[in-house]
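Visitor: Turn these sequences into a full structure, and let the hints guide you.
Note that this note's numbering has the sequence shown beginning at 1, numbered continuously upward.
It is possible that part of the hints are untrue.
Derived DEER-like restraints, expressed as beta-carbon distance ranges [stated by the list, open to error]:
hint, residue 1, residue 2, range
1, L285, P198, 21 to 31 Å
2, M243, L271, 23 to 33 Å
3, I232, P59, 44 to 54 Å
4, A272, V233, 28 to 38 Å
5, L258, R182, 21 to 31 Å
6, T229, Q56, 40 to 50 Å
7, F194, L288, 32 to 42 Å
8, T114, L285, 38 to 48 Å
9, V290, E115, 48 to 58 Å
10, Q56, R292, 47 to 57 Å
11, A205, I232, 38 to 48 Å
12, T229, E115, 33 to 43 Å
Note that these hints are calculated values from the structure, not bench results. Since we're looking at a predicted model, the values are computed, not measured. For every residue, glycine included, the Cβ atom is placed at its ideal position computed from N, Cα and C.
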Amino acid sequence: MQWASARVSAVAHPRSIPVASGDTFRRVVWPLAVAETLLWAGFYYLFPALLGIWEQEFPWTKLEIAGALTTALLVSAFLAPVAGRLIDHGHGRRLFIGSAFTGAVMLVALSRVTELWEFYAVWAGIGVIMAGCLYEPCFAILTRIMGDRSRQAITIVTLVAGFAGTVAFPTVHTLDAIMGWRNVVLVFAGLAAFVCVPLLFFGLAHHGKEAPAPAEGAAANTGKPLNLTRNIVFWLLAVAYAMMAFNHFAIISHMLPLLAERGVGPETAVLAASMIGPMQVAGRLCVLAVQRHV
Numbered sequence: 001m002q003w004a005s006a007r008v009s010a011v012a013h014p015r016s017i018p019v020a021s022g023d024t025f026r027r028v029v030w031p032l033a034v035a036e037t038l039l040w041a042g043f044y045y046l047f048p049a050l051l052g053i054w055e056q057e058f059p060w061t062k063l064e065i066a067g068a069l070t071t072a073l074l075v076s077a078f079l080a081p082v083a084g085r086l087i088d089h090g091h092g093r094r095l096f097i098g099s100a101f102t103g104a105v106m107l108v109a110l111s112r113v114t115e116l117w118e119f120y121a122v123w124a125g126i127g128v129i130m131a132g133c134l135y136e137p138c139f140a141i142l143t144r145i146m147g148d149r150s151r152q153a154i155t156i157v158t159l160v161a162g163f164a165g166t167v168a169f170p171t172v173h174t175l176d177a178i179m180g181w182r183n184v185v186l187v188f189a190g191l192a193a194f195v196c197v198p199l200l201f202f203g204l205a206h207h208g209k210e211a212p213a214p215a216e217g218a219a220a221n222t223g224k225p226l227n228l229t230r231n232i233v234f235w236l237l238a239v240a241y242a243m244m245a246f247n248h249f250a251i252i253s254h255m256l257p258l259l260a261e262r263g264v265g266p267e268t269a270v271l272a273a274s275m276i277g278p279m280q281v282a283g284r285l286c287v288l289a290v291q292r293h294v
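Guide: Right, here's the structure in full:
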């Protein structure tokens, strides 16, 4: 549902989409690919990587802890249409950079939590920034910037960012043994603030004033976003994507605790979780190989 909302916002006005040059492609796509990798690692995969550690430290049940990420995802989905409208009105760069920086602040707050309500409040805040800086807004912005090369740009971003889990799981496991989970969270906050924000700032430097989507009559031949919501195919796709996202969320969130309960050593469990990223990339490469026949 979140993917669909932001994606519809990006493609509903093709007349406003420019054609990107090769130089623009290099300056925009690779910085966004690296930034998305670190943002996914810090704002999403950090949670399952730390779930078992939180369960040991806090007097909360696994269900109570997991509910915080569910809250974040629901908040993000609810705000996806708002993010799409901001991007349509030419505010994509500010939304992206502001969300990444605010996310860093939320991670700093996460490193200080001691109560369950604080934990939920922080993750609800992270849900807000997820709507502004993860895949959906990134793809919408790339579609507006890259024009007819947007598919290639999105493919590169997803291939690179597919390794976010591979970055998060071993990094958290290694650094937690050295400095504790609270400082690990601060490390990811620093990556968001001092690596991702500059990458987004310079990667989107020439696109701070994106052309707003055409209004009223100009969009007559392109279809209005609301018309798509009356199409049964739209809703079937939305449900399918939601179910796939739920499946991924359930597996990745509980993988380490489940393996630990079955006697798998922490190093082996982390290695197994880290392999989800490469398998995602392998799957995307398979899709690329057959996409012209689908």
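Visitor: Determine for every hint whether it applies to the structure shown.
Guide: Here is how each hint holds up against the structure:
Taken as a hint, the range 21 to 31 Å holds for the pair L285 and P198, whose Cβ atoms sit roughly 30 Å apart. Look at M243 against L271: about 28 Å separates their beta carbons, and that is inside 23 to 33 Å. Distance hint check for I232 and P59: the Cβ-Cβ separation is about 47 Å, which falls inside the suggested range of 44 to 54 Å. Distance hint for A272 and V233: a CB-CB separation of about 37 Å, consistent with the stated range 28 to 38 Å.
With their beta carbons about 25 Å apart, L258 and R182 fall inside the hinted range of 21 to 31 Å. The beta-carbon spacing between T229 and Q56, approximately 44 Å, falls within the hinted interval of 40 to 50 Å. About 33 Å separates the C-beta atoms of F194 and L288, a value consistent with the hinted range of 32 to 42 Å. The given range of 38 to 48 Å is respected by T114 and L285, whose C-beta atoms sit roughly 44 Å from each other.
For the pair V290 and E115, the supplied restraint of 48 to 58 Å holds, since their beta-carbon distance comes to about 50 Å. Under the hint 47 to 57 Å, the C-beta atoms of Q56 and R292, about 49 Å apart, fit the expected range. In this structure the supplied range 38 to 48 Å holds for A205 paired with I232, their Cβ-Cβ distance being about 42 Å. For the hinted restraint 33 to 43 Å between T229 and E115, the CB-CB distance of approximately 39 Å keeps it satisfied.
The structure fails none of the hints (numbered hints given earlier).
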